[in-house]
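S.K.: Here is what each chain is made of, one letter per residue.
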Amino acid sequence: MRSSKLLLALVLAAVVARASDSIPAVRPAGPVLLRGATVHTVSGADLAATDVLLRDGKVSAIGQKLAAPKGTTVVDVAGKHLYPGLISAFSGMGLSETASVRGSVDLSETGGLNPNARAQPAINPDSEHIPVSRANGILTALTVPQTTGLIAGVSTLIRMDGWTYEDLTIRPAVALHLRWPNLTINRDPSFPRPVADQQRAIDDNLKKIRDAFATARAYLKAKEGAGKPIDTDLRWEAMIPALRGEMPVFVYANEAREIESAIEWAKTEKLKITILGGLEAWKVADLLKQNDVPVIVGPVLTLPLHREDPFDATYANPGKLFAAGVRFCIANDGDNAELGNQADRNLPYQAGKAAAYGLPPSEALKAITLYPAQLLGVANELGSIEVGKRATLIVTDGDPIEMPTHVERAYIDGASIDLSNHHTRLYEKYQKKYEQLKANKT
Amino acid sequence: MLALAAASLAAQVSSTPIEGLRDASPRVHAITGARIVTSPGAVIEKGTLVIRDGIVAAVGAEADVKIPADARIWSADGKTIYAGLIEPLADVSLPGALKTEALTAGGGRGGGGRGGVLAAAVPAETIAPAAVARSWNPRVTPERDVAKVLAVDERGATALRELGFTSAAVTPGRGIFRGESALVNLSGRAPNAALVRAHLAQHVAFELSNFRENAYPDSLMGCIALIRQTLLDAQWLQSARDAWQKNPGTQRPEENASLSALADYVAARKPVVIEAQDELDVLRAQKIADEFKLKLVLRTRGTDYRVANAIAAAKAPVIVPLNFPAAPEVETPDKAADVSLATLQHWELAPSNAARLTAKGVPVAFTTAGLATPATQFWTNVRLAVKRGLAPDAALAAVTTAPAKMLGVDDLVGAIAPGKLGNVIIATGDLFATDSTAEITDVWIDGDHFETPAAEKVDVRGTWKMAWRGATAPDELKIETRSGPSGGGAAGAGAGGGGRPSARLGDKVLTMVQSRDQLTLLAPAEVFLGKDAKGTVRLAGTVKGNSAEGSGLLPDGTEFRWSAERTSTPEKPAGPAAREEKSLANADNWPAGAYGRKGIPAQPEWLLVKNATIWTSGSAGRIVGGDLLVHAGKTEQVGKNLSAPAGATVIDAAGKHVSAGLIDCHSHTAISRGVNEATSAVTVEVRVGDVVDATDVGIYRELAGGLTVANLLHGSANPMGGQNQVIKLRWGAMPEELKFAGAKPGVKFALGENVKQSNRTITPGVAARYPQTRMGVEQIMADTFARARDYERDWSDWSSGKSPLPPRRDLRLEAALEILHGDRIVHIHSYRQDEVLTFIRLAQREKLTVGTFQHILEGYKVADEIAKLGAGGSCFTDWWAYKNEVVDAIPYDGAMMRAAGVVVSFNSDDNELARRLNSEAAKAVKYGGVPEDEALKFVTLNPAKQLRIDDRVGSLEPGKDADFVIWSASPLSTYARAEQTWIDGRCYFSLADDAAMRAAATSEREALAQKALTERMRALAAGGGAAAGGGRGGAGSAAPAEPPSVIRALQAMEEIRAHEFQSIYHDGADTINCSTHALQ
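Quick note, the sequences are listed as chains A and B, same order.
393 is the number that the numbering used here gives to position 393 of the first sequence; each next residue is one higher, with no gaps.
10093 is the number that the numbering used here gives to position 93 of the second sequence; each next residue is one higher, with no gaps.
Be a bit skeptical, because a hint or two may be false.
[Unchecked claim] Here are the simulated EDC-like pairs of lysine to aspartate or glutamate, each with C-alpha atoms no more than 20 Å apart in a straight line:
1. A:K283 / A:E264
2. A:K320 / B:D10994
3. B:K10544 / B:E10480
4. B:K10457 / B:D10430
5. A:K429 / B:D10834
6. B:K10802 / B:E10792
7. A:K432 / B:D10864
8. A:K441 / B:E10865
9. A:K221 / A:E269
10. A:K58 / A:D418
11. A:K432 / B:D10834
12. B:K10478 / B:D10517
13. B:K10598 / B:E10736
14. A:K441 / B:D10338
15. A:K432 / B:D10888
16. B:K10335 / A:D418
17. A:K433 / B:E10865
18. A:K433 / B:D10888
19. A:K283 / B:D10338
[Unchecked claim] Away from chain B, derived, C-beta distances all over 10 Å, residues of chain A:
20. A45
21. G71
22. R171
23. N186
24. T215
25. G227
26. D231
27. G325
28. P361
29. S362
30. T442
FYI, nobody ran anything at the bench for these hints, they're computed from the structure.
Don't be surprised by glycine CBs; every beta carbon is placed ideally from N, CA and C.
Kindly generate the complete structure, drawing on both the sequences and the hints.
M.R.: Below you can see the structure in the form of structure tokens.
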């Protein structure tokens, strides 16, 4: 029994330890000129038959018939489409490999209050999820720690190529992540847990959040005012940037009442928050607009939360936020990242469904490019094709939001990246099997 | 509380030796002068009732009945006599372990109370009699005979008796086959005196094992399969033992007390009471009863009105509860958001349930089971039912003749007639009038006489004119009822009024204490002795009708006397304001709640959809600018420039796309209470078709995504799972009507991690289920098929006369045989190529018909072998990183299998993905370059082929069912929206209808909420607002006082039950897939 368990553990370890076979890109020796594509700048108009020059990792020129400086690699992409790389604003990229294999999952630290848990040092740059996702145009991702409690930790923005997590890192610390407690009370008389008990649990959780912030503020005050060193507490230390307004607070909340409650709390704490999840943001769009609270909607492709909700409640959510003037972007199911990472490559289809149910198609594209860049504070570098921004973009044979479209090339910071992955390699390998079978037959 | 046994102690002829002097008091009683309701509708205005030795000797008009000379005469002038009430589902006198598990931690079943809750902690094993030749399954205890375990339960009997009940069917409360009930008289006497008749009925409930028990059955479908097998076994055992007796020397069939105990029930000599948790269970109970020709009595939870037609058609009588819900808490938007329309509707309609059933001719009996406080709720709710349309006679029948007849004891009880038991009640008036304040004063059981507290109640309220002798004080004493929290207790309140009486002498409030006719008043001395007097004056007296007299003591000890005459009685206070008679709730919609509809949509005779791009998925390919002509639910023609007969419904679909209705080859939508029977490794006897849930809103949501057919599969927890059910998504139809008639029967098998329980925690000391490896998976399948062949031989040996003993019908092996014979096709959940190939070899050896490999993530590695077998591949498009066996899953799988000649479909296995299979199909274009029309077939024609229904659905071709979808754009486009979904030429979904349904639900909801608010305001004003605790942010109203230790003791259990809790009209957010329960 013992030996077979050990064996099992070894087998699992072998799987977990398997690294992606993709080799990180070589930084190009000189400029790269992408010639003749339709350029979907996102921030501005679509430009037909336009050239884009990539230099030193940045977009250095956009125009028709650009001259190629000496040493430029010219790539003919006539008839193709250029888009900024897609941004997955709510993912667990690098923190989870195989959902049911615990040894491969580092999403959620134990304990309910983990402001000092940082995603960055746990990101596995050899995760197979990275090449699989970027094959579909996902070139940037926010890796978000999860929690079964209230404060999850600090997220990291990564680019989807590199040898180490440090190579991957765009911003090591993007936001402090809270998970708002479930505020729903089940009043069905046959529900086994008494209402008063449920209320008590809710009150306790809300108090814990208030207490954590009050304690952290007291810690900061003591640290600044004591005039001598105080004992270090890593948790409160990690919250200081958020308390000083240097780091935004992202609150995971889906039900309308949770969003309301989080906004009310943020007002009393004088914190700028962003809602993550936001499945029922449409129900409180006015409140979000009024308080200028943005929403990272994730996902769109999910069931309505309540039986009586309209069938399209989640599909129509982004369109309604747009109509109400709420700042938003569209993301994956980052709260379910064990399973969600495998769907990260489907990010564009989240936006497509929103477009089918009320969001203008041009907004759907922005919702997975420019808007996430804005909400993550990197709009000066990413999210659109503009001179001076990072040369992180994709070349496609069509609208990336439509499924049959292929990403044919992708550049991260000007370097052409490998779009193959475990899936394409197996595809090629097993085509060989059938070729051999055929050959043997004839 | 007082129960006075005035008559002889020897109720029956008894074997108990007499100690001391014998009691030979005459046992002949004549009750005279009363209005006697002998049975519903039969009234003697002024009659005489003679009870001799506990039996009704005579009843009739005063003039017709001669009072026997030896009778003691009891005057009941002005009173009304009814037959004593019968409780059909009592747990009085039951040992705690047999009481029903209460539904809530805080209350639950009447009588059961806390005891019921704690009983839930008792594992089934400990209540099944040990060391008896009985069923292998601890929940199958039909041999349990309540009559053998009755205890004296004076308190329980008294509580029921004071409500007017004279007898009760004591019913065992735990298990699937729970055992036999017994009729007990509620005299509170020893069981040998109180027991009237044993073996009344067999009680059956759909009880599942706790998820930690891991004992068969843990799903509703498993439970029904077990019931079916048990009934078959009972039929078999009888014949097998008979055959054995006649053929000595042959193999001996087992002895089995459980099965023997069912003999009367499988022969329909006695009733089987099946308990339904919801209206879907009602239909299931009816199906079981039909199949086995049982004499069915339904015991329901009161939502019967939703399926009243089906109940009426089946003609089985019904026992309904009286626990009508309190008005839902809708006073804040936050609370209101949690109240579903179905909840509001049920609040509105529950009291009319009995009326709606009796209107259709269904015999109805009431039970107090489920009432938190029967003492205050029972009569209130009976009268509310009358107010909501139940004829008073029907209400009387529901507590007397109907339960008597259902349980086969109408020869003894339920009506007043010579020869029946002298079980009667005497009331102060008509008990069944809606505004009745009549009370029961006397109860006769077996010739024993009991007075109720109401008999002793003296109403002292009114204005009294005082006469003082030896003291001076104001001469007006007013005693009235203060409004306030209703005590409601039987003893406290005066007749007809709730609240606590208070007394005033002049303008001063006195402290008042009343005990029956004894009145004590304490007055401040100043009332008697002037402003500055200190101390308290004591008054005590006796009330007799409208006069009273007594004495008093001044503070200095001076005695005085007083007398009083009542000059006026208080006006009858308005009772709780009557609910309006007109129902605001939509009782005819099905399912209840939002998006229900009145029956299925109309079918136009002729229908023409014009000018669309039609993706036929058939030989005609894609027709741009095409027309679709439909006649009587079938596709008539597809082409260009078609014309329809005059009067046809015409839809101009210019700019739109039309496809065949989408088909999901792997769904777990619309399955009640358990997708997996996750206990045994082989459970091919369980049937998804037994548990189709037509109320699952998933059906509607999937229709809105263009889905028209779904293959409802058992989960993947065991190598050989359960039987599947193909349905059409006919939202608004009953479960049986959803079924796809003629679809090839199938079964779910599974391989790999789930079935070998790789992701379960290994508990030391607990034997793991076989198999735990892929080696064992193959072997258990081979073993099952070998057993099935042997089973077949047993039957042929018997039918050819080789063996004299009839074989036992084994539904598990019969299903396995159907598979071997190709009558049932296999859908097998599979991942890795090795296990797939192993199963292919097994299938080839056993000549199985494999409909599909499901998920089949490594199908691309052995696609040639799958094609050779002729099996389909029904895969996930691009799921790949959720467990170890899927790390080689690639999105090119479908395209590669197709290239090898496999019929490929894309499935959902997920209630959300099932809403957008159209665009999912486009992934076959992306990954592997499948042509567009062929890709769409992955969700239309190909799954139809895999399910062997392609002669009916899957493409738009003449003669096939008119199942189609009108899309706003190419169905493969991410931007496409299903605008209309048609099944059988009926429009089951359209965006326009959806908008109308939303609006209708909102207005119905708001109307009901307004009505609920008026009741809530009354409840809040009375301080009794807490149907449940406080709201968000508030402190919440006080928790019910409950010893913390009890809470703690219950906590573990609550956790389990919270886990298992599923309300029927669930929140719709379920993300059930085939691993639900399998991954624990």
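S.K.: Hint by hint, say whether it matches the structure.
M.R.: Hint by hint, here is what the structure shows:
1. For the given pair, K283 of chain A sits about 16 Å from E264 of chain A by alpha-carbon distance, which is consistent with the 20 Å threshold.
2. At most 20 Å may separate the alpha-carbon atoms for a hinted pair to count; K320 of chain A and D10994 of chain B meet this at roughly 18 Å.
3. For the given pair, K10544 of chain B sits about 18 Å from E10480 of chain B by alpha-carbon distance, which is consistent with the 20 Å threshold.
4. At roughly 18 Å between alpha-carbon atoms, K10457 of chain B and D10430 of chain B fall within 20 Å of each other, so this suggested pair holds.
5. A threshold of 20 Å between alpha carbons decides the hint, and for K429 of chain A with D10834 of chain B the separation of about 17 Å falls inside it, so the pair holds.
6. Of the supplied pair hints, the one linking K10802 of chain B and E10792 of chain B holds, its CA atoms being roughly 13 Å apart against a limit of 20 Å.
7. Distance hint between K432 of chain A and D10864 of chain B is fulfilled; the C-alpha atoms sit about 13 Å from each other, no more than 20 Å.
8. The hinted pair formed by K441 of chain A and E10865 of chain B meets the criterion: a straight-line CA distance of about 15 Å does not exceed 20 Å.
9. The straight-line distance between the Cα atoms of K221 of chain A and E269 of chain A is roughly 15 Å, inside the 20 Å bound, and the hint therefore holds.
10. With a C-alpha separation of about 19 Å, the suggested pairing of K58 of chain A with D418 of chain A holds against the 20 Å cut-off.
11. Distance check on the hinted pair: K432 of chain A and D10834 of chain B sit about 19 Å apart at the alpha-carbon level, within 20 Å; holds.
12. Taking the CA atoms of K10478 of chain B and D10517 of chain B, the gap is near 17 Å; set against the 20 Å cutoff, the hint holds.
13. With a CA separation close to 17 Å, the supplied pair K10598 of chain B and E10736 of chain B stays within the 20 Å bound.
14. A distance of roughly 66 Å separates the Cα atoms of K441 of chain A and D10338 of chain B; the hinted pair therefore is violated under the 20 Å criterion.
15. About 16 Å separates the Cα atoms of K432 of chain A and D10888 of chain B, which keeps this hinted pair within 20 Å; it holds.
16. Of the supplied pair hints, the one linking K10335 of chain B and D418 of chain A is violated, its CA atoms being roughly 53 Å apart against a limit of 20 Å.
17. Using a Cα cut-off of 20 Å, the hinted pair K433 of chain A and E10865 of chain B holds, with the two alpha carbons roughly 12 Å apart.
18. With a CA separation close to 16 Å, the supplied pair K433 of chain A and D10888 of chain B stays within the 20 Å bound.
19. Distance restraint check for K283 of chain A and D10338 of chain B: the Cα-Cα separation of roughly 14 Å lies within the 20 Å cut-off, and the hinted pair is therefore satisfied.
20. The claim that A45 of chain A is not at the interface with chain B holds, since no C-beta of that chain comes within 10 Å of its own (minimum 21 Å).
21. No Cβ of chain B comes within 10 Å of the Cβ of G71 of chain A; the nearest lies about 36 Å off, and the non-interface call holds.
22. Interface exclusion of R171 of chain A from chain B stands, the closest Cβ pair being 25 Å apart, more than 10 Å.
23. N186 of chain A, annotated as away from the interface, has a beta carbon of chain B within 10 Å; the closest lies near 8 Å.
24. Here T215 of chain A stays apart from chain B, with its beta-carbon at least about 22 Å from theirs, past the 10 Å limit.
25. Here G227 of chain A stays apart from chain B, with its beta-carbon at least about 40 Å from theirs, past the 10 Å limit.
26. Remark: the non-interface label on D231 of chain A is consistent with the geometry, its nearest Cβ contact in chain B lying 35 Å away (cut-off 10 Å).
27. Against the 10 Å criterion, G325 of chain A stays outside the reach of chain B, whose nearest CB is about 23 Å from its own CB.
28. For P361 of chain A, the requirement that its beta carbon stay farther than 10 Å from each beta carbon of chain B is not met, with the minimum near 7 Å.
29. Even its closest Cβ contact with chain B, about 12 Å, leaves S362 of chain A beyond 10 Å, as expected for a residue assigned away from the interface.
30. With a closest Cβ-Cβ approach of about 15 Å to chain B, T442 of chain A is found to remain outside the 10 Å limit, as its non-interface label requires.
Checked against the numbered hints above, the structure breaks hints 14, 16, 23 and 28 and satisfies the rest.
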